[in-house]
Structures are given as C-alpha cells and as structure tokens.
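Novice: Sequence order for the protein chains is S, Y, L and Z.
Be aware that the first sequence starts at 948, since it is given in the working numbering, and climbs by one per residue.
Be aware that the second sequence starts at 948, since it is given in the working numbering, and climbs by one per residue.
Be aware that the third sequence starts at 948, since it is given in the working numbering, and climbs by one per residue.
Be aware that the fourth sequence starts at 948, since it is given in the working numbering, and climbs by one per residue.
Mixed in with the good hints there might be a few duds.
[As the list claims (entries may be wrong)] Result set (DSSO-like, lysine-lysine): computed pairs, CA atoms no more than 30 Å apart in a straight line: (1) Y:Lys1084 with Z:Lys1037; (2) S:Lys1084 with L:Lys1084; (3) Z:Lys990 with Y:Lys1037; (4) Y:Lys1139 with Z:Lys950; (5) Y:Lys1029 with L:Lys1037; (6) S:Lys1079 with S:Lys1132; (7) L:Lys1079 with S:Lys984; (8) S:Lys1037 with L:Lys1084; (9) Y:Lys1079 with Z:Lys990; (10) Y:Lys1079 with S:Lys1084; (11) L:Lys1084 with Z:Lys1084; (12) Y:Lys1029 with Z:Lys1079.
Since the hints were derived computationally from the structure, they do not count as laboratory data.
There are 4 protein chains.
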Amino acid sequence: MTKVAIVYHSGYGHTAKLAEAIAEGVTRGGAEVSLLKADDLTKPDEGPWDVLQEADAIIFGSPTYMGTATAVFQQFAEASSKIWFNQLWKDKLAAGFTISASASGDKAETLSRLATLASQHSMLWITPAVAKGYHAKGDDYDSAENRNGFYLGVGAFAPSDSAPEEFPHEPELETGRKLGERVAKAATRWMKGA
Amino acid sequence: MTKVAIVYHSGYGHTAKLAEAIAEGVTRGGAEVSLLKADDLTKPDEGPWDVLQEADAIIFGSPTYMGTATAVFQQFAEASSKIWFNQLWKDKLAAGFTISASASGDKAETLSRLATLASQHSMLWITPAVAKGYHAKGDDYDSAENRNGFYLGVGAFAPSDSAPEEFPHEPELETGRKLGERVAKAATRWMKGA
Amino acid sequence: MTKVAIVYHSGYGHTAKLAEAIAEGVTRGGAEVSLLKADDLTKPDEGPWDVLQEADAIIFGSPTYMGTATAVFQQFAEASSKIWFNQLWKDKLAAGFTISASASGDKAETLSRLATLASQHSMLWITPAVAKGYHAKGDDYDSAENRNGFYLGVGAFAPSDSAPEEFPHEPELETGRKLGERVAKAATRWMKGA
Amino acid sequence: MTKVAIVYHSGYGHTAKLAEAIAEGVTRGGAEVSLLKADDLTKPDEGPWDVLQEADAIIFGSPTYMGTATAVFQQFAEASSKIWFNQLWKDKLAAGFTISASASGDKAETLSRLATLASQHSMLWITPAVAKGYHAKGDDYDSAENRNGFYLGVGAFAPSDSAPEEFPHEPELETGRKLGERVAKAATRWMKGA
Chain S
948 MTKVAIVYHS GYGHTAKLAE AIAEGVTRGG AEVSLLKADD LTKPDEGPWD VLQEADAIIF
1008 GSPTYMGTAT AVFQQFAEAS SKIWFNQLWK DKLAAGFTIS ASASGDKAET LSRLATLASQ
1068 HSMLWITPAV AKGYHAKGDD YDSAENRNGF YLGVGAFAPS DSAPEEFPHE PELETGRKLG
1128 ERVAKAATRW MKGA
Chain Y
948 MTKVAIVYHS GYGHTAKLAE AIAEGVTRGG AEVSLLKADD LTKPDEGPWD VLQEADAIIF
1008 GSPTYMGTAT AVFQQFAEAS SKIWFNQLWK DKLAAGFTIS ASASGDKAET LSRLATLASQ
1068 HSMLWITPAV AKGYHAKGDD YDSAENRNGF YLGVGAFAPS DSAPEEFPHE PELETGRKLG
1128 ERVAKAATRW MKGA
Chain L
948 MTKVAIVYHS GYGHTAKLAE AIAEGVTRGG AEVSLLKADD LTKPDEGPWD VLQEADAIIF
1008 GSPTYMGTAT AVFQQFAEAS SKIWFNQLWK DKLAAGFTIS ASASGDKAET LSRLATLASQ
1068 HSMLWITPAV AKGYHAKGDD YDSAENRNGF YLGVGAFAPS DSAPEEFPHE PELETGRKLG
1128 ERVAKAATRW MKGA
Chain Z
948 MTKVAIVYHS GYGHTAKLAE AIAEGVTRGG AEVSLLKADD LTKPDEGPWD VLQEADAIIF
1008 GSPTYMGTAT AVFQQFAEAS SKIWFNQLWK DKLAAGFTIS ASASGDKAET LSRLATLASQ
1068 HSMLWITPAV AKGYHAKGDD YDSAENRNGF YLGVGAFAPS DSAPEEFPHE PELETGRKLG
1128 ERVAKAATRW MKGA
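Chain S extracted, bound-state conformation (with noise of 0.2 Å):
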C-alpha cells in the first residue's frame, strides 16, 4: 500500500487541523498516512524517521510566521541534512501547506521555502491543482476552495484570534483534503510505473 508521511510544526493548532484534513485526503485517495510533528524530528538521530524513509510521498508543512516557515520546522529541515548528504530521500513525492494570519501574508515564500528543500532533496514537487479560487466578481470569497489563490501548495487562512475549531474554514479544509487525495493517487501511479 502507497505510504504518506505528513510532517508539520503547529503552533496554536491551526495548522495541526489542516495537517489533519490532509491526512484524511491522502486515506480518501487510498493510501496509508502518518502524520508526525516536525518538534519530534529536530534532531538526526532521534525520532521517526524511519517513517519518513519508508514513505512514497512526504508533505511538508508550517505556519507562516514572520515571513516563512517556523523555526521549529527549520529544526526539521536542518536536522534531514544528512539525508539530503546522501540523497536518501531522492526520487520520493513531496507537497507543501501553511497557514497565516492574512490572505497572502508572505506564505508564497514558505511554499517556496518548502519546495526548495525539497528540490535539494530531488523530489518531485506535486501541486494541490485546486486551479481558480476566488477570482471572478461572482465568485464567493468564504466559500471557494483555493479562495487565495496558491498554487504551489495549500495557502490557508487562520485569523490571529481564532481557534483552531474556526479556522481554516471549511473550503479551506477541503483544499487541503485535495491536496492529500492527489498526492496519495500521484504516489500511486509512481510507484506502479516503477
């Protein structure tokens, strides 16, 4: 069975939810999930990482704090150097989310942080694919999936005084449930064609 890891830093819980409607996407596109905290994997040698290592496909994801991702997720990234020296890691599927407290908020540069390692880990980069959002005047901005308009990854929205119960809404949710489903079904496919 194809495996997922989804590997998250989540400060308030905002985006351990969204971590959490992933993992039922990637279950909805037939695969297996994991879902680990990046504060569990700061360190080379301890923690989980041989789930990492056994999965097809791994999701990156983290707030948008001060204009990228968080330093606890940086911990995580730091800590998979030596997976990066000897590209244990290449080959495999990898996507990317986050959350900020704004429409844009500076999340494109986490994405873009997010792709980036995995570009040195050369993995492949899968994209949510929830094309349009909210981009004509009929268009709803509360209830359309993509409503901000991300395309690299899940871009979503928690205001600065929400609980994780309110936010990210529930289109929102959805995106993310996308994201996993496509990320399951791309491992798949990968893996057969091998």
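Using the hints, position chains Y, L and Z against chain S.
Specialist: Coordinates of chains Y, L and Z only, in the frame set by chain S:
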C-alpha cells in the same frame, strides 16, 4: 522639488487605476510625479528615459500574468540593462505594486521580481508600511487596507471580469496612495540628507 | 513512446546550446524530444501548441535577463493562459533551466518563476537531482557538474563576452543532459503507472 | 553618531567572520557598530533588544542551511514579532548577508527571506551595490568581488570542509565591508535628512 516616476504596464486598466492612486499619494506627499507607461520604454534608445534618470525615486508596477510581471514590463526591464551596466540609477529609491485576479495569485513572486530588479540597479527598496491588513476575526475583509497582507509592495485584487471603475476597490487604492506618499516623503528626506 | 518537449528562448545562442544538451539527455533517457522556440509560441492561436499538448513533459528554459526569465519567454507564458484556464497541461511533468553571466545572477528567481508557472498549470516539478556541485575544498570549480549549486533546475553560466561554442562549458552541458535524461525516465515511469 | 547593529547566526564561524568584516565596513563608513548574536535574541524578553531599538540600521545575517536562514536565526525573527506588531522598527534601514557551501546553494532564497522580514518590519532595504562580479571571460573568479553575482545582499562561499580562517576569502570579505560601509553612510544620510 522631489521627483517621483511611476513606470507601469496595464493590460486592462486596473493597474493604470492603481498607478493613478499611487500618483495621488506622491502628490499628497509633496513630490512631483510622472506617470510613465512601460509600453513606451521597451527600447533603450526610445521613450522618456530622461524622466527616469531625473527622478529621485522610481515606482515599478505590473499586473501578475501567469505568475510574474508581464512581458511588456519585462521588455522595459531588459531595455534598462545598459543603465544597469553603468549603474546610473544607483541610490535612487524604488518601490513596487501589482494586481491579479485572486488574493494571492502569486503576486508575491512579482513583488519579489520588482525588488530584485531594483537591487540589480543598486536602488533602495521602500515598503508600503501599511502593516496588518485583514488579520483578526473582527476585521472586515472588504474594507481593510492592505487586506491581502503584502509587505514588500502593494498587492491588489481585481476580479477577472471586473472593470477598472470597480477594482481595485477604494481601500486598496488608499493603500496605493499611502505607498506613493511614503515614497515621496522618503525621497525628500533622502535627498535632503545628501 | 514518451514525449518530451523543450520550450526555450535564447538571446545569443547559449541557452539554445544548453537546450540541445538537454534534448540529448532526453534521447539518452529513451524518450522522443521536440525542441521548440518560445519565439514561435507567443500567440495563443499560432505555433506548435499541439506538440506541447501531446507531450508528457515540458521543460522550460530562458536566460535570466535583469533578474528573471525574458520578455519573449513571458510572452509564451502569457500565451498559455487559456490552456491554464482550462487546465489542459494538468498532470504533465515539468522542469526548468536558465543561464546568466554570473554564478548566481538571480538565476534562482528565474527557476522559481518557472516552477510557479508549472504549478499554475498543475504540473509535477522534476528537479535535476545533480546534488552537490562544487562544495568542498578539493572540488574543482571548473569541472564540477552543477558547479553553482542549483537544485530547483539547471542554472548555468556563460560570460557576457563568450560565444555559445565556449559556454556553457562541458560539465554544465552534462548537468543539462542529466536533467533531460531524468525527465525522460520520470515521464516514462509516470505514463506507465497511469 | 549613526548606529548600526548586525544580528547574525553562525554555525561554524564563517558567518561570524563575514559579520566582522561587515562591522569593519560600518566603522569605515563612520558609524558605530554593534555585533549581536541571534543566539542571544531568541526570546522576546531576554537579550540586547534595546541595542536593536536604538540602531538606525540593522543588518541581518545567517548561513543558508537546507535552503534558507537557520532555525536559530528564525527563532530571532519570531522573537521580533511583538516588535512587528507595534511596528517599532519602522523606517530603520536594513540589509542582509548569507553564506553557503556552493556558489548559489539557494542563498538567493535566504536573502529574499531576509528582505521579507525587513519589509514586514517596514524597514528600507539597502543593497550592497557591488554590481558585476565575475561575468566576463577575462574576469578572475577567485579575485572578483561579489564573484557569485548576488544583488539583494551579500552571498558568500565557504567550502563545507574549510575553516573560518580560510573562507570567506578576502574578496568576499571586502564585498562585506562595502555593504557595511554603504549601510553606515546611507543611515547617516537618512538620519541627517529627517
């Protein structure tokens, strides 16, 4: 009197409308403003290049088409390569703005591209300083300035089926005016300090 | 047979030379290759768009001029907007390459721009996977593959006064061949798994 | 007297060495300089934050680890979020520098990340203005200033197995000094014009 030039490309008129708002802001900030079309500056030896050379600050603007500044804007950027070679814009101030038909829509890439252009020209990059935008539950997305939360420059929204009379809407035009005002005052201060 | 198309713009011939090396790599990887000039694809209704539609993978290439892909390449990108609107390139593979007259020269911005374009088209991004380049004291800068250390795509160097017969030099051409070979094999695997 | 602070993280000493060269440049430019370690500024309520508040300009520095600024640097950035909320660094000058073990090595991503941080803080971004680097056949890669061709900030090279006594080598240290000198003079001019 401090001189600020705005060079922009506009496909359907929305970016022109934002450019005009920024020009109003420059006037409000006490500087003289010139509005130039990138379309007239696509060749190194034709067009009002002297206006740019005499300006204390240049504000770059373009819609985001397929993920970055337009081909017309890029023709202008390429036509500036001799100026770059001789570093004739060194120490001028610079700033940027863009529009697309979604909240993000990869506008961050365009703003980054504009800042890169300015950095190649050894200019100083001025940010809008309209800080928070729509970021808490009580905020109103439709009336917030900088509602989409861009920091490197102004990132506005115009639905794909809207007329320039409709979008960018007033709060984003005011965000533009604030950028113009800020650049005018910064350029005056910068020239005064010389 | 797997089909790979390369769409590139070349100002002085260096990018064309790298495109040809990548094409050799595609052949080496067992796929059929088409070399297309962006110059012939600047309008939505003219040029060999059907070749792109039939391709399993598209490799984008452009020199870096003033910090990003060229105006001609951007004309091609803009001409692809109807295809984007209908998501006709969804699930194709994509990759990218660029050249400038310095080691960095803001080529990273161009590669990021190419990956953004691919992500808007919901394509899968394939990286060169030529990992380390010139990074230790004993390494030789002149003979190292990927000597400048780009990961998202191939970033090659051609001095501003060099002829295409001289630059990119052989190790960077071989880096290009490896990208072509990798894309060919990945596309074959991807199509086989469908 | 104009005050310039340099905040940096250094893993193995190479970035510290570049920071010291930049500090020399600040002195050469006639300003007072403070060298601060990001390690001492990872919490909002501990460390020499007052030095930063009193500075007219802040220069940010970090190695590039796995594609962006380090976790320690990011801890500092996150610790500055209250300052951001109150926009207490608004109108200060900013600049940046980074090092990695290859010519590019995704340093552009780090410099972009530093400029984004500055733009969130509504600071003005100062570029090194060491324009061309190694770009023509007659140029010598080993002796050229800005040899790798970065424009947004200083991007230096240190082989993975080198000692800080060896790398960055002298021309890149001089590039750093020029950045420091330029920031010092720009800050003096900016304060004088107030």
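Novice: Now, for every hint given, state plainly whether the structure supports it.
Specialist: Here is how each hint holds up against the structure:
Between the alpha carbons of Lys1084 of chain Y and Lys1037 of chain Z the distance comes to roughly 25 Å, so the proposed pair stays at or under 30 Å and holds. Under the criterion of a C-alpha separation no larger than 30 Å, the hint pairing Lys1084 of chain S with Lys1084 of chain L is inconsistent with the structure, at around 58 Å. With a C-alpha separation of about 38 Å, the suggested pair Lys990 of chain Z and Lys1037 of chain Y falls outside the 30 Å cut-off, and the hint is violated. Taking the CA atoms of Lys1139 of chain Y and Lys950 of chain Z, the gap is about 20 Å. The hint holds against a cut of 30 Å.
Restraint check: the Cα-Cα separation between Lys1029 of chain Y and Lys1037 of chain L comes to about 40 Å, which exceeds 30 Å; the hinted pair is violated. For the suggested pair Lys1079 of chain S and Lys1132 of chain S, the alpha carbons sit about 21 Å apart, so the restraint of at most 30 Å is met. Proximity of Lys1079 of chain L to Lys984 of chain S is assessed by CA-CA distance (about 28 Å); at most 30 Å being required, the pair is judged to hold. Distance restraint check for Lys1037 of chain S and Lys1084 of chain L: the Cα-Cα separation of roughly 25 Å lies within the 30 Å cut-off, and the hinted pair is therefore satisfied.
For the hint linking Lys1079 of chain Y to Lys990 of chain Z, the alpha-carbon distance of about 22 Å falls within 30 Å, and the restraint holds. This hinted pair checks out: Lys1079 of chain Y and Lys1084 of chain S have alpha carbons roughly 25 Å apart, not beyond 30 Å. For a cut-off of 30 Å, the pair hint linking Lys1084 of chain L to Lys1084 of chain Z stands: about 23 Å separates their Cα positions. For the hint linking Lys1029 of chain Y to Lys1079 of chain Z, the alpha-carbon distance of about 13 Å falls within 30 Å, and the restraint holds.
Against the hints set out earlier in the document, violations occur for numbers 2, 3 and 5.
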